[in-house]
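Asker: Chain by chain, the residues:
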Amino acid sequence: MAPHAEQLTRPAVQLRGLTRSFEGRTVLDGIDLDLPAGQFTALLGHSGSGKSTLLRAVAGLDHEVAGSGRLTAPERVSVVFQDSRLLPWQRVLDNVLLGLDGKEADRKGREALAEVGLKGRERAWPNELSGGEAQRAALARSLVREPELLLADEPFGALDALTRIRMHVLLRQLWERHRPSVLLVTHDVDEAIVLADRVLVLDQGRIGLDLTIDRPHPRSYRDPLLGEYRERLLAALGVTEDHK
Amino acid sequence: MSATVTTTATAPVTPTEASPQVRRRRRLSPGRRLPATRLLGPALILALWAAASAAGQLDPGAIPAPWTVLETGVHLWTDGTLPNDILTSLQRAGSGFAIGLTAGIALALAAGLSRTGEALIDGSVQLNRAIPTLGLIPLFILWLGIGETFKVAIIAIVVYIPIYLNTHSALSGIDHRFVELAEVQGLSRYAFIRRIVIPGALPGFFVGLRLGVTGSWLGLVVLEQINATSGLGYMMFQAQNYGQTDVILVGLVVYGIFGLISDSAVRLIERRVLSWRRTLSS
Ligand SMILES: Nc1ncnc2c1ncn2[C@@H]1O[C@H](COP(=O)(O)OP(=O)(O)OP(=O)(O)O)[C@@H](O)[C@H]1O
Ligand SMILES: [Mg+2]
Numbered sequence: 001m002a003p004h005a006e007q008l009t010r011p012a013v014q015l016r017g018l019t020r021s022f023e024g025r026t027v028l029d030g031i032d033l034d035l036p037a038g039q040f041t042a043l044l045g046h047s048g049s050g051k052s053t054l055l056r057a058v059a060g061l062d063h064e065v066a067g068s069g070r071l072t073a074p075e076r077v078s079v080v081f082q083d084s085r086l087l088p089w090q091r092v093l094d095n096v097l098l099g100l101d102g103k104e105a106d107r108k109g110r111e112a113l114a115e116v117g118l119k120g121r122e123r124a125w126p127n128e129l130s131g132g133e134a135q136r137a138a139l140a141r142s143l144v145r146e147p148e149l150l151l152a153d154e155p156f157g158a159l160d161a162l163t164r165i166r167m168h169v170l171l172r173q174l175w176e177r178h179r180p181s182v183l184l185v186t187h188d189v190d191e192a193i194v195l196a197d198r199v200l201v202l203d204q205g206r207i208g209l210d211l212t213i214d215r216p217h218p219r220s221y222r223d224p225l226l227g228e229y230r231e232r233l234l235a236a237l238g239v240t241e242d243h244k
Numbered sequence: 001m002s003a004t005v006t007t008t009a010t011a012p013v014t015p016t017e018a019s020p021q022v023r024r025r026r027r028l029s030p031g032r033r034l035p036a037t038r039l040l041g042p043a044l045i046l047a048l049w050a051a052a053s054a055a056g057q058l059d060p061g062a063i064p065a066p067w068t069v070l071e072t073g074v075h076l077w078t079d080g081t082l083p084n085d086i087l088t089s090l091q092r093a094g095s096g097f098a099i100g101l102t103a104g105i106a107l108a109l110a111a112g113l114s115r116t117g118e119a120l121i122d123g124s125v126q127l128n129r130a131i132p133t134l135g136l137i138p139l140f141i142l143w144l145g146i147g148e149t150f151k152v153a154i155i156a157i158v159v160y161i162p163i164y165l166n167t168h169s170a171l172s173g174i175d176h177r178f179v180e181l182a183e184v185q186g187l188s189r190y191a192f193i194r195r196i197v198i199p200g201a202l203p204g205f206f207v208g209l210r211l212g213v214t215g216s217w218l219g220l221v222v223l224e225q226i227n228a229t230s231g232l233g234y235m236m237f238q239a240q241n242y243g244q245t246d247v248i249l250v251g252l253v254v255y256g257i258f259g260l261i262s263d264s265a266v267r268l269i270e271r272r273v274l275s276w277r278r279t280l281s282s
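Sequences listed follow chains A and B, in order. FYI, in this note's numbering the residues of the first sequence are 1 to 244. FYI, in this note's numbering the residues of the second sequence are 1 to 282.
What the hints contain is simulated information worked out from the structure, not anything from laboratory work. Note that the structure is predicted; figures quoted are calculated from it, not measured. From the three backbone atoms N, C-alpha and C, an ideal C-beta is built for every residue, glycine too. Treat the hints with care, since some could be wrong.
Said to hold, decoys possible - Computed Cβ-Cβ distance ranges for the label pairs, DEER-style: (1) A/E128 - B/I45: 23 to 31 Å; (2) B/G94 - A/E128: 16 to 24 Å; (3) A/P11 - B/E183: 19 to 27 Å; (4) A/S220 - B/R23: 40 to 48 Å; (5) B/R27 - A/G30: 37 to 45 Å; (6) A/G117 - B/G94: 27 to 35 Å; (7) B/R194 - A/E104: 18 to 26 Å; (8) B/S188 - A/D188: 46 to 54 Å; (9) B/S172 - A/D83: 42 to 50 Å; (10) A/D214 - B/S172: 46 to 54 Å; (11) B/R27 - A/D101: 50 to 58 Å; (12) A/G30 - B/R24: 57 to 65 Å.
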């Protein structure tokens, strides 16, 4: 019981004075941020505000980027990209199992595919999947590793509106079942409000707004109480009445 | 007469009256392969050749009729000279190709997977490529003697260069997004090479392989024509001295058949290995 309780109180991700710059241009300017274990957080910001830069820093993918600061993140991190990034020369199941071995791997992979509704497509080639299916396979690939932290960079950006809503429901269900900490980068204010319990706005290299969304799930886009959050987020993003 | 009357009585449905049909888009890929079409062109040429010979349009001294060539071929085969020459040539091409293939793959892997390897190997191969390989023949004869070794060495060089170049460029052109994926999934270096780098480089390797196969035959023809003591080229060289055009043609046909067979074999393997690809050729 004790280690579990400790896990809940210790933040999964901790950033202290995180700075990143490209060719002398500062993109992240001393960010301090704690993400509690098991929290579903969304990160909003203008295009070019540094959302991907932040996410890649947390994922440990920014090998050649200049910067400073302290950063702690869990051992098991999964990333979902905007493109599904399935290897075209491997069947769907083998893609899901990429980097996983052990006797149980095969069974886990099949389970993960079933969880995202791709049961029976194990032996399909990635280019036989629709965009939404491919993205679900990518979700399965990230879940099968039982991540403590799930990073997603506009994972639904390339999907149509209808598929996107389905994916929202699926992602939230998966989160409720597995409870990883989630950091979801998005440019879609509604997506952030419907999915996340906490929304951050990245502005001028800093966290400009840190908003906790205290509404029960599943949430509806039409929930009038969410409108208030939307107004505040849009204001933080610099979208005023006459822009809308 | 009455038949004409009935046809005019039943009004044909004109296209404009038909309900509007959904028109399929004009297909831009060439479409499904016709079976065995690759043989259509050669068959046509053969037919023209036969027809021209039969009509007496061709000088039999310059271009003998197909059946004369066939007769000569059968004769050379049954008296044992042709099988012997073919075997010699196949051995040369085969050993040269095997060595070139191994060297090409090994060097490409070494140069593609490590920066040190690249620094040491890539420049040297590019230099080697700039020298026409057939220009090395005199030097190789002096070094290795006029026996089999130098022939195999030249063929190996002709083969390894395209295999190296294509495999290396495929290895170094691996999609950066997949590298990132491998890092995220925590792949070991070995697993990264086995599951991402190698499969990703296979299409490029096969381009090199096909060029290499063609190159091995090309090298063989040249070597056997200028420095032959046995083999198909030797047979043709002798025939030239005695003005036996039919024998020369038999040699060319055999070269052609082997070239065709080896290329088809590579294609077949390629289609199997790269079955995940759905390209214009599928
Ligand atoms: N590898 C790089 N080299 C140089 N500049 C870069 C590099 N990566 C990002 N940048 C710059 O850093 C800034 C932030 O980029 P980033 O990709 O993090 O933005 P973003 O918030 O994810 O934008 P978007 O919503 O469009 O994806 C941009 O101005 C971008 O041009
Ligand atoms: Mg981005």
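Asker: Hints first: check each against the structure and report whether it holds.
Answerer: Now the hints, each set against the structure:
1. A/E128 - B/I45: 23 to 31 Å: violated, 40 Å
2. B/G94 - A/E128: 16 to 24 Å: violated, 39 Å
3. A/P11 - B/E183: 19 to 27 Å: The hinted range 19 to 27 Å holds for A/P11 and B/E183, with Cβ atoms some 24 Å apart.
4. A/S220 - B/R23: 40 to 48 Å: With a Cβ separation near 42 Å, A/S220 and B/R23 satisfy 40 to 48 Å, so the hint holds.
5. B/R27 - A/G30: 37 to 45 Å: violated, 57 Å
6. A/G117 - B/G94: 27 to 35 Å: Cβ of A/G117 to Cβ of B/G94: about 52 Å, so the range 27 to 35 Å is violated.
7. B/R194 - A/E104: 18 to 26 Å: holds, 21 Å
8. B/S188 - A/D188: 46 to 54 Å: violated, 37 Å
9. B/S172 - A/D83: 42 to 50 Å: For A/D83 against B/S172, whose Cβ atoms are near 22 Å apart, the range 42 to 50 Å is violated.
10. A/D214 - B/S172: 46 to 54 Å: Check passed, 52 Å falls within 46 to 54 Å.
11. B/R27 - A/D101: 50 to 58 Å: violated, 43 Å
12. A/G30 - B/R24: 57 to 65 Å: For B/R24 against A/G30, whose Cβ atoms are near 59 Å apart, the range 57 to 65 Å holds.
Hint violations for this structure: numbers 1, 2, 5, 6, 8, 9 and 11, all remaining hints satisfied.
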